[in-house]
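Spelled out from the first residue to the last, the chains are:
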Amino acid sequence: MRNAWTVAKREFNMYFASPVAYAVAFGLLLVQGLFFYADFGSSVLFGAPPDPTRSVSLFVTLLLFFAPAITMRLMAEEQRTGTLELLLTAPVREWELVTGKWLAAFGFVGLLVILNATYAVILSRFVTPGLDVGSLAAAYVGLFLAAGAMLAIGVFGSSLFSNQIAAFFAIMGLVLVMWVISYPVQNETGLLASVLKHLSFSDHYYTNFLSGVVNLTDVVYFVTVIVLFLFLAARVVESRRWR
Amino acid sequence: MIQVEGLTKRYGERTAINKLTFHADKGEIVGFLGPNGAGKTTTMRILTGYMPPSEGKASVAGFDLLTQSLEVRKRVGYLPENVPLYPEMSVVQYLDFMAELRQVPNRNERVDEVMEVVHIADRAESFVSNLSKGLRQRVGLAQALLHKPEVLILDEPMEGLDPQQQIEVKRLLREVGAAQTVMLSTHILAHAQELCDRVIIINGGQIVAEDTPDRLSAQIAGGRRLQLEVDGDGDGLLAELRALPGLSSVRVVADGRFEIETAPGPDVRPLIASTVVGGGWKLLELRRERLSLEEIFIQLTREEAEAAAAAETGAPLAEGQAPGSDSAAG
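Each protein sequence line maps, in turn, to chains A and B.
Using my numbering, read the first sequence as starting at 39 and increasing by one per residue.
Using my numbering, read the second sequence as starting at 1435 and increasing by one per residue.
Please keep in mind that the hints were generated in silico from the structure rather than gathered at the bench.
Keep in mind that a hint or two might mislead.
Claimed, not checked - Non-contacting residues of chain B with respect to chain A, defined by C-beta distances greater than 12 Å in every case (computed):
| no. | residue |
| --- | --- |
| 1 | Tyr-1484 |
| 2 | Glu-1515 |
| 3 | Lys-1582 |
| 4 | Gly-1594 |
| 5 | Asp-1596 |
| 6 | Val-1610 |
| 7 | Arg-1659 |
Claimed, not checked - DEER-style ranges, computed between Cβ atoms:
| no. | chain 1 | residue 1 | chain 2 | residue 2 | range |
| --- | --- | --- | --- | --- | --- |
| 8 | B | Glu-1447 | A | Gly-148 | 45 to 53 Å |
| 9 | A | Thr-99 | B | Asn-1564 | 36 to 44 Å |
| 10 | B | Gly-1471 | A | Phe-54 | 35 to 43 Å |
| 11 | A | Val-257 | B | Gly-1594 | 50 to 58 Å |
| 12 | B | Lys-1491 | A | Val-251 | 54 to 62 Å |
Beta carbons are placed, not taken as given, at the ideal position from N, Cα and C, and that holds for glycine.
Full structure from sequences and hints, please.
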């Protein structure tokens, strides 16, 4: 675990040494800012109470596109430049390596979430009698879990390639599939439909977290996805040894 | 320190290394020589635990490579070919990261110490991307030395260095090589000749020769080429020499100087000496020439190729040649 922390620290710092992270943060915050402004403005115009979870759900939607950008580099770059060889000949286990990478990405997204939380703080100053902190907290818990799952898929996708662009599209494809997997069976019942609904990101995120409910099933689901994809990533890294 | 037995690695259909067996002892510098694609890097990657062999056994620093890989990796310092480093980190950041990963005690002091050893301390704050090839090589070496490994495995450590830097690295390797086991690969033979206690020549994934550089030279050069010098212009000596048995060719290099190729067999030097003296010439020098490792290498790898072409099996080494003394001055 100590090694995972070492890898995570380095990787986290590297986010700020590369322009990609700043570009990602800029894009993410810009879109969120615009939407917040529009939301806020329309609330004022029509006198309707603003929904504080809007900026959270928007963040999750944007992560569909930004999580691949944040994670594509993590393993792919190590493989392209050959630095993976030095990591794997140091006394580091594969799972420590991928966990460290994931922690770094999670930390970076955590930072962006803190910036995102300023919108809630701003809103709370204008809304009387104040925001529904409980439902907002549930939305944020869901955001962290969904982000963690997307980033774990990202680490896995990145480990498959030594080309960042290829990794980007593979990750985006995987995340999108996980997101929409239940869309075709939205109005169906039966075994297949219920299996697909259980597998889907959106069914676990939108139906509960966003309506203020933290369900153990949903928490377990996202944690399972994180563990599963990190496990797969470790196996992919290990399989590189056998080629 | 390093024990390798029957090591084989296949990439699909291609066999990169085939049943290698060798060892390296404590305090020894072993050179791994071979043309590109001979299997040097593959062997080193296996020994560092980067990838497992298809067949065979190996142990490093007393630990089995397959079952105790982590223990092996703790005790091995590795400089991969082309020195992969993180370009966006500074030298000191990078070394600190590697030291933390290897759980080096007193990290800061050790990083400073190693930077002094490889003479990179003055560039500690430079980013790796701004370093020259030679400096990068030194950072790679520093990284390999950080945890005071029992075994150092260096893949082409001289590659890309200028002669001055090469001398420095050689000095450094001799220093660390006294206490540690060093295994280095190179395709530049002069380096191996100068640096190594023992040389393993590998070609096409197989060991073709293994000995000290001196003995290798002696063994293969034995009875092959002589240099003869007499006082004056040596008129008429050429014909006399050509009439002698056991010589395959005689060539005039300059006035009074001859180069003689001998056929394998009994030593012909006494015969030549008595011919020269008996004919009234004044013998200045009669010397058996030692082939450089370079020539041996070319010879060995060519013999290998010829043997393969003829679909022959058996010992490729030129064996059974009289070793004897290396030089005899008249």
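Just to be sure I understand the hint, the distance between the Cβ atoms of B/Lys-1491 and A/Val-251 should be within 54 to 62 Å; is that true here? Holds, at about 58 Å.
Take the C-beta atom of A/Val-257 and the C-beta atom of B/Gly-1594, compute their distance, and say whether it sits inside 50 to 58 Å. Roughly 53 Å apart at Cβ, these two residues keep to the hinted range, so it holds.
Does B/Val-1610 sit more than 12 Å from chain A, CB to CB? holds, 18 Å
Non-interface claim for B/Glu-1515 versus chain A (Cβ beyond 12 Å): violated, 9 Å
May I ask you to check that B/Arg-1659 keeps its beta-carbon over 12 Å from the closest beta-carbon of chain A? Correct as stated: the minimum Cβ-Cβ distance to chain A is 43 Å, above 12 Å.
Is B/Lys-1582 truly not at the interface, in the sense that its beta carbon sits beyond 12 Å from all beta carbons of chain A? It holds; B/Lys-1582 is separated from chain A by about 14 Å at its closest Cβ, greater than 12 Å.
B/Gly-1594 non-interfacial with respect to chain A [C-beta, more than 12 Å]: With a cut-off of 12 Å, B/Gly-1594 remains clear of chain A, as the shortest Cβ separation is near 15 Å.
Supplied distance hint 45 to 53 Å, evaluated on CB atoms of B/Glu-1447 and A/Gly-148: holds, 48 Å
Look at the Cβ atoms of B/Gly-1471 and A/Phe-54 and judge whether their distance stays inside 35 to 43 Å. holds, 41 Å
Are A/Thr-99 and B/Asn-1564 spaced within 36 to 44 Å by their CB atoms? At roughly 41 Å between Cβ atoms, B/Asn-1564 and A/Thr-99 fall inside 36 to 44 Å, so the hint holds.
Minimum Cβ distance from B/Tyr-1484 to chain A greater than 12 Å, as the annotation requires: Given a closest Cβ separation of 5 Å, the condition is violated.
When you look at the beta carbon of B/Asp-1596, is every beta carbon of chain A farther off than 12 Å? holds, 23 Å
This entry does not satisfy hints 1 and 2, going by the numbered hints stated previously.
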